[in-house]
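Quick mapping for you: the protein sequence lines, in order, are chains A and B.
In this text, residue positions in the first sequence follow the numbering used here: the first is 1, and each later residue adds one.
In this text, residue positions in the second sequence follow the numbering used here: the first is 1, and each later residue adds one.
Quick caveat, the hints were computed from the structure, so don't treat them as lab data.
Any given hint could be a false lead.
Under the rule of at most 25 angstroms between Cα atoms (straight-line distance), these lysine-lysine pairs were calculated in the BS3-like manner [said to hold, decoys possible]:
# : chain 1 : residue 1 : chain 2 : residue 2
1 : A       : K51       : B       : K164
2 : A       : K253      : A       : K198
3 : A       : K51       : B       : K85
4 : A       : K51       : B       : K251
5 : A       : K51       : B       : K258
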Amino acid sequence: MAVISYREALRAAMRDELNRDENVVIMGEEVAQFNGAYKVTEGLLKEFGPKRIVDTPISEAGFIGLGIGASMLGIRPVMELMFWSFSYVAFDQIVNNAGNIRYMSGGLINCPIVIRGPANGGTNVGATHSHTPEAILASHPGIKVVCPATPYDAKGLLKAAIRDNDPVYVMENTILYNDKGEVPDEDYIVPIGVADVKRIGTDLTIVAHGRAVITSLKAAEILEKDHGVSVEVVDLRSIRPLDEETILKSVRKTHRALLVEENKPFCGVDAQVAYLIQSKAFDELDAPVHRVSSIDAPQIYCKRMEDLQMPSVERVVAEALKVLA
Amino acid sequence: MAKPAVLTHPESLKHPAGPSAYAKDPVNASMTKEAKIALYTKMARIRHFEQRCIRIYQQGKIGGFLHLYVGQEAVAAGTISLLGKNDHIITGYRDHGHGLMVGMGMNECMAELTGKVTGCSQGKGGSMHYFAPDKNYWGGHGIVGGQAPLGTGLAYAVKYQGLKGSCLTYMGDGAVNQGAVHEAYNLASLWDLPVIFVVENNGYSMGTSQERSTAHPGCLAKRAEGYNMAWDVINGHDVYEVRAKTALALKRAHEESKPTVLEIFTYRYFGHSMADPDKTYREKEEIKTYRDKKDPVLLFEQELLREKVLTPELSQTINEAAMAEADKAAIFADESPDPTLADITKHIYWEEDNRGPKTTSRGTIIFE
Numbered sequence: 001m002a003v004i005s006y007r008e009a010l011r012a013a014m015r016d017e018l019n020r021d022e023n024v025v026i027m028g029e030e031v032a033q034f035n036g037a038y039k040v041t042e043g044l045l046k047e048f049g050p051k052r053i054v055d056t057p058i059s060e061a062g063f064i065g066l067g068i069g070a071s072m073l074g075i076r077p078v079m080e081l082m083f084w085s086f087s088y089v090a091f092d093q094i095v096n097n098a099g100n101i102r103y104m105s106g107g108l109i110n111c112p113i114v115i116r117g118p119a120n121g122g123t124n125v126g127a128t129h130s131h132t133p134e135a136i137l138a139s140h141p142g143i144k145v146v147c148p149a150t151p152y153d154a155k156g157l158l159k160a161a162i163r164d165n166d167p168v169y170v171m172e173n174t175i176l177y178n179d180k181g182e183v184p185d186e187d188y189i190v191p192i193g194v195a196d197v198k199r200i201g202t203d204l205t206i207v208a209h210g211r212a213v214i215t216s217l218k219a220a221e222i223l224e225k226d227h228g229v230s231v232e233v234v235d236l237r238s239i240r241p242l243d244e245e246t247i248l249k250s251v252r253k254t255h256r257a258l259l260v261e262e263n264k265p266f267c268g269v270d271a272q273v274a275y276l277i278q279s280k281a282f283d284e285l286d287a288p289v290h291r292v293s294s295i296d297a298p299q300i301y302c303k304r305m306e307d308l309q310m311p312s313v314e315r316v317v318a319e320a321l322k323v324l325a
Numbered sequence: 001m002a003k004p005a006v007l008t009h010p011e012s013l014k015h016p017a018g019p020s021a022y023a024k025d026p027v028n029a030s031m032t033k034e035a036k037i038a039l040y041t042k043m044a045r046i047r048h049f050e051q052r053c054i055r056i057y058q059q060g061k062i063g064g065f066l067h068l069y070v071g072q073e074a075v076a077a078g079t080i081s082l083l084g085k086n087d088h089i090i091t092g093y094r095d096h097g098h099g100l101m102v103g104m105g106m107n108e109c110m111a112e113l114t115g116k117v118t119g120c121s122q123g124k125g126g127s128m129h130y131f132a133p134d135k136n137y138w139g140g141h142g143i144v145g146g147q148a149p150l151g152t153g154l155a156y157a158v159k160y161q162g163l164k165g166s167c168l169t170y171m172g173d174g175a176v177n178q179g180a181v182h183e184a185y186n187l188a189s190l191w192d193l194p195v196i197f198v199v200e201n202n203g204y205s206m207g208t209s210q211e212r213s214t215a216h217p218g219c220l221a222k223r224a225e226g227y228n229m230a231w232d233v234i235n236g237h238d239v240y241e242v243r244a245k246t247a248l249a250l251k252r253a254h255e256e257s258k259p260t261v262l263e264i265f266t267y268r269y270f271g272h273s274m275a276d277p278d279k280t281y282r283e284k285e286e287i288k289t290y291r292d293k294k295d296p297v298l299l300f301e302q303e304l305l306r307e308k309v310l311t312p313e314l315s316q317t318i319n320e321a322a323m324a325e326a327d328k329a330a331i332f333a334d335e336s337p338d339p340t341l342a343d344i345t346k347h348i349y350w351e352e353d354n355r356g357p358k359t360t361s362r363g364t365i366i367f368e
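All chains, full assembly: derive it from the sequences and hints.
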């Protein structure tokens, strides 16, 4: 099995699917000639040509809407947003059109579009470029949202997303792009809606998604080494659909839960997860469910403060100890 | 309250009523007698369907919004009558006329308005969201201008697949100030997409006249020049003219894969929707002028009577049949069942509706 980066894993997924299905097209700002603003699509133009790899103007409502329309006729567009923050200027297309057309047509029309790109804070770029809209988008029935944390999941989830007949929004993380991991060369997918237990433990369940998984795994190491606590880390991987069973199974085993996400706390993904645990595993709990999320403010520019605003290993450790107290 | 302006939308009144200057255009001259009668019949069916809807709305059986197409029939009829198997259409919320033109039945259209499971969208879309993808009709969209990028994408797909086709993307005059429309214009021209943007200019974006909503004093189609696109203006009361000029745009799409903006001057006799009392922004006299002098269905009827394609008796038969069909559709809608509580959570995800060995999604996707 090859060790490749998260970025290369995404590219490998697109290359596989471009080869597998001639209706797959890659579209977005700077994806072709520029080789990708984050080099995720590097080399694809040379390999597949300008019909398959398409540079768009800076015109998100236009080109995302165009992709949605094309998907209704059988094209499988994989649209890159340079930042998911930019989805806000295409919100009507992303939510009203892609998310509703199957429903409003009584099931007559499908919208097999993938929209992908980074959705993360922590890069010192200020509030407008640091949004994490997974909770906002996942709150709309009709839309699927996945958040890969590792190279293996990035490739497997993106391939599954491209083959999926519904709109799937893939939220990546620029800070993870250089992370390396083992990724099979052969064809595989990670089914959408299946969480992954990234670390097995017995005393506490941490539920996380995206980069918060990596933070939580580091915290788990410290909790074991310094505090003798065995922590299980559940990586949601998919926000909608949500793998409720894996979360509940882990909580029923450890009887304690800490939820970690890089979102802001209000109406975050973990608000839903906390509700799930209390409604279906209340009697299993030995302590209240706690959360760690970003401090509830627009993303601050100052790097030193932004690092404190977002969930850090130290904050996760401290909050875990409160759940365990 | 300021006095409403008189004849704020005089553009189409400049065109003289009377024999169409476009009757001899090849696209019209080549029509058989049967095709002309069929086209008139379709226009009459739209008119009577819409007028029947008013009564059902007044009976309280149609909820939400009802945007009537009465007065604008020649636009959908003229343009759609030209389309072939790789030509697609998409429009905004004033979408009944287009639906009937592509061949949707009055029953499914009427039942959708009353929210019945026998409706074209099984009671999930309503008046603004008709769909018939099997007839290349992609809706029916409620957000002003939001369909413009979609139509551009449909045209992109046609071109990508190597087909000689197009997508007619309709919108109202109110849509041309939406950003999504301008983004669609730019992409269509930049990428040479076979899309025809049809601006159905009925003079009012809801209750706001063109001069109160649009800075440029010229015609709306002229904005195409800003995107290096061809454009034309059409008298939308003359179905022959609509056909003649749309045919040129279709040729441009099919032969050169180039987009066009067509602005078609038309007029709606009723308010923006049934919720619009229609008392604040235009004079009754203006509506009467259009009804008396510019009615597209009457003008085409007169044209065909002059051509001796129609007789008064045949016209009467056609109109009575259309009224009877609309009456039957009203009964069908009345007698049809509602969707069930279980239907609320169907048709959200393809994967959920088709769970089986081929689907890959797992987990909970519809939440309690």
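Okay, the hints, checked on the actual structure:
no. : hint             : in the structure
1   : A:K51 to B:K164  : 17 angstroms, holds
2   : A:K253 to A:K198 : 15 angstroms, holds
3   : A:K51 to B:K85   : 24 angstroms, holds
4   : A:K51 to B:K251  : 24 angstroms, holds
5   : A:K51 to B:K258  : 17 angstroms, holds
Of the numbered hints listed earlier, not one is contradicted by the structure.
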